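Make the full structure from the sequences, and use the hints.
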Amino acid sequence: MVFIENIMSIFSEHGIAFLKASWMTISITAISLLFAMVIGLIFAGFKISSSKILNWIADIYIGIIRGTPLIVQIMFLYYGLANIVNLDSFTAGALALGVHTGAYIAEIFRGAVQSIDRGQMEAARSLGMPYSLAMRRIIFPQAFKRAIPSLANQFIIGLKDSSLVAYIAVTDLYNTALSVQGENYMPFETYFVVGVYYLIIVLIFTWVANRIEKKMDVSKPKEGVIA
Amino acid sequence: MIEISNLSKSFGKLEVLKDINLRVHEKEVVVLIGASGSGKSTLLRCLNFLEVAERGDIVIDSENIDLAKTNLNKVREKVGMVFQHFNLFPHKTVIENIIEAPIFVRKETKERASSKAMALLKKVGLEDKANYYPEQLSGGQKQRVAIARALAMEPKVMLFDEPTSALDPELVGEVLQVMKDLARDGMTMVIVTHEMGFAKEVADRVIMLADGNIIEEGHPNDIFANPIHERTKRFLNQIL
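Heads up: the protein sequence lines correspond to chains A and D, in order.
For the first sequence, position 210 (counting from the first letter as 1) is numbered 210 according to my numbering, and the numbering increases by one without interruption.
So the number in my numbering is just where the residue sits in the second sequence, counting from 1, plus 227.
Keep in mind that the hints are not guaranteed to be accurate.
Derived pair list, reagent style DMTMM-like, types lysine to aspartate or glutamate, alpha-carbon separation capped at 20 angstroms [claimed, not checked]:
# : chain 1 : residue 1 : chain 2 : residue 2
1 : A       : Lys214    : D       : Glu362
2 : D       : Lys350    : D       : Glu338
3 : A       : Lys222    : D       : Asp355
4 : D       : Lys301    : A       : Glu183
5 : A       : Lys145    : D       : Glu323
Interface residues of chain D toward chain A, partial, derived using beta-carbon atoms under 7 angstroms [said to hold, decoys possible]:
#  : residue
6  : Arg303
7  : Met308
8  : Thr320
9  : Phe331
10 : Glu335
11 : Met380
Bear in mind the hints are in silico, worked out from the structure with no lab data behind them.
Just so it is clear, the structure is predicted and the values come from calculations on it, not from any experiment.
Ideal placement from N, C-alpha and C gives every residue a C-beta, glycine not left out.
Printed below as a string of structure tokens:
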């Protein structure tokens with residue numbers, strides 16, 4: 001079995017490099033997603049807002065981001081703006097990924113907030129809660145729960161899209177695969193191995209997301225509190 | 228307690244309330260009846276400003292409400308509301324539903340809010356359900372929790388918007404019983420309902436609305452036994 005032998009040799013020769021690259025992929029993804037969540041929240045707020053100007057700003061942002069390829073955004077930020085802001089490749093990559101994913105997350109949050117029954121806001125307001133308090137304590141927690149499956153999906157897309165930062169010289173998983181393959185001329189085995197790395201990361205993430213979703217289940221009584 | 232004068236409200240071109248005048252006295256129980264689309268729910272919702280009327284004045288607890296100046300959140304603290312579809316917060320347990328506003332709006336301590344909530348739950352017969360989530364309760368239980376939640380803000384008036392319309396028939400009684408107890412304790416109440424038996428028993432005054440007008444009002448015995456207006460007669464015939 002030449003295939004198995006080749007795989008084993010890739011693991012023994014490049015295992016450490018792939019592990020380091022995994023860490024790079026995970027960290028650039030994590031930072032970009034954190035950033036994307038903040039952007040997503042802000043622009044979801046803009047879209048829900050009654051201010052026409054804020055709606056308009058959000059529409060322009062989301063329109064541009066969704067209307068152009070991620071690779072173009074990454075290249076534009078890293079090479080295109082090099083004369084104005086000189087970002088290192090990691091920062092440029094994380095920023096581009098974050099701004100990109102943020103647009104999609106904004107739409108996910110907006111949809112989730114708008115899907116919450118109008119009666120929830122009315123009940124909160126009827127108890128004397130100001131709009132912002134009602135949003136924070138009543139609407140958003142429910143919307144967030146509802147958004148988890150879509151968010152998890154978007155996070156997985158973000159993780160896989162992070163492979164595009166290889167083109168601005170971030171030594172992530174995909175970039176490592178490119179250089180290993182350039183060395184050993186075994187594209188089949190090399191891309192197979194890197195695929196396995198991505199798959200394992202995605203599976204672990206999916207498991208965590210499912211746990212979080214289960215934890216927010218409200219079909220059983222809450223234990224050990226008051227009374 | 229409540230004084231409404233010349234209240235008018237439209238949705239687009241549709242005039243839902245036409246120049247309504249109404250007084251509700253302290254400890255009075257007023258039942259609003261009328262066909263669907265008559266404006267009774269809208270009138271109720273105007274009283275805590277979930278709907279904002281275009282014209283007219285509303286005085287609540289001797290305070291003239293001026294939309295530009297009055298803090299509506301403060302007004303709403305005094306006016307409890309119970310909805311047809313309960314609108315409990317599904318992500319919070321029964322007790323968390325009740326203590327939410329007392330803690331975050333009235334700034335009560337968690338201990339005080341919780342002990343008050345337990346007393347209210349006892350009053351509505353649900354003290355054993357404190358740590359359940361709304362999803363685990365029957366409709367009647369949900370509505371009783373919703374009543375307890377509104378009472379936790381110690382309102383001066385309670386508004387009920389068809390509180391039993393979404394319930395299975397066998398669960399209506401338990402909710403009406405809680406409302407009867409409240410009325411007996413002297414709560415000022417404005418109720419939109421189709422439960423005429425309940426209205427007969429509990430209401431001090433019944434008000435009949437049609438097409439956004441109050442067409443008839445009076446003691447339930449008079450209204451139900453000798454309705455004057457043709458539309459009231461027709462409405463009561465259909466419903467009884």
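Are the Cα atoms of lysine 145(A) and glutamate 323(D) separated by 20 angstroms or less?
-> 18 angstroms, holds
Between lysine 301(D) and glutamate 183(A), is the straight-line Cα distance small enough, at 20 angstroms or below?
-> 73 angstroms, violated
Are the Cα atoms of lysine 350(D) and glutamate 338(D) separated by 20 angstroms or less?
-> 18 angstroms, holds
Using 7 angstroms as the Cβ threshold, decide whether threonine 320(D) counts as touching chain A.
-> 5 angstroms, holds
Chain A contact restraint for glutamate 335(D) - C-beta distance below 7 angstroms | 13 angstroms, violated
Double-check methionine 308(D) for me: the hint is only fine if its C-beta lies closer than 7 angstroms to a C-beta in chain A.
-> It holds, given that the least Cβ distance between methionine 308(D) and chain A is near 4 angstroms, below 7 angstroms.
Return the status of the interface hint for arginine 303(D): holds when the least beta-carbon distance to chain A is below 7 angstroms, violated otherwise.
-> OK, holds: arginine 303(D) within 7 angstroms of chain A, min 4 angstroms.
Taken at face value, is the distance from the CA of aspartate 355(D) to the CA of lysine 222(A) at most 20 angstroms?
-> OK: lysine 222(A) and aspartate 355(D) at ~13 angstroms, within 20 angstroms.
Was the hint right that methionine 380(D) lines chain A, CB cutoff 7 angstroms?
-> Holds: closest Cβ of chain A sits about 6 angstroms from methionine 380(D), inside 7 angstroms.
Cut-off 7 angstroms, beta-carbon criterion: hint that phenylalanine 331(D) touches chain A | Nearest chain A Cβ about 6 angstroms off; hint holds.
Is it true that the CA of lysine 214(A) sits at most 20 angstroms from the CA of glutamate 362(D)?
-> 16 angstroms, holds
When each numbered hint is compared with the structure, violations occur for hints 4 and 10.
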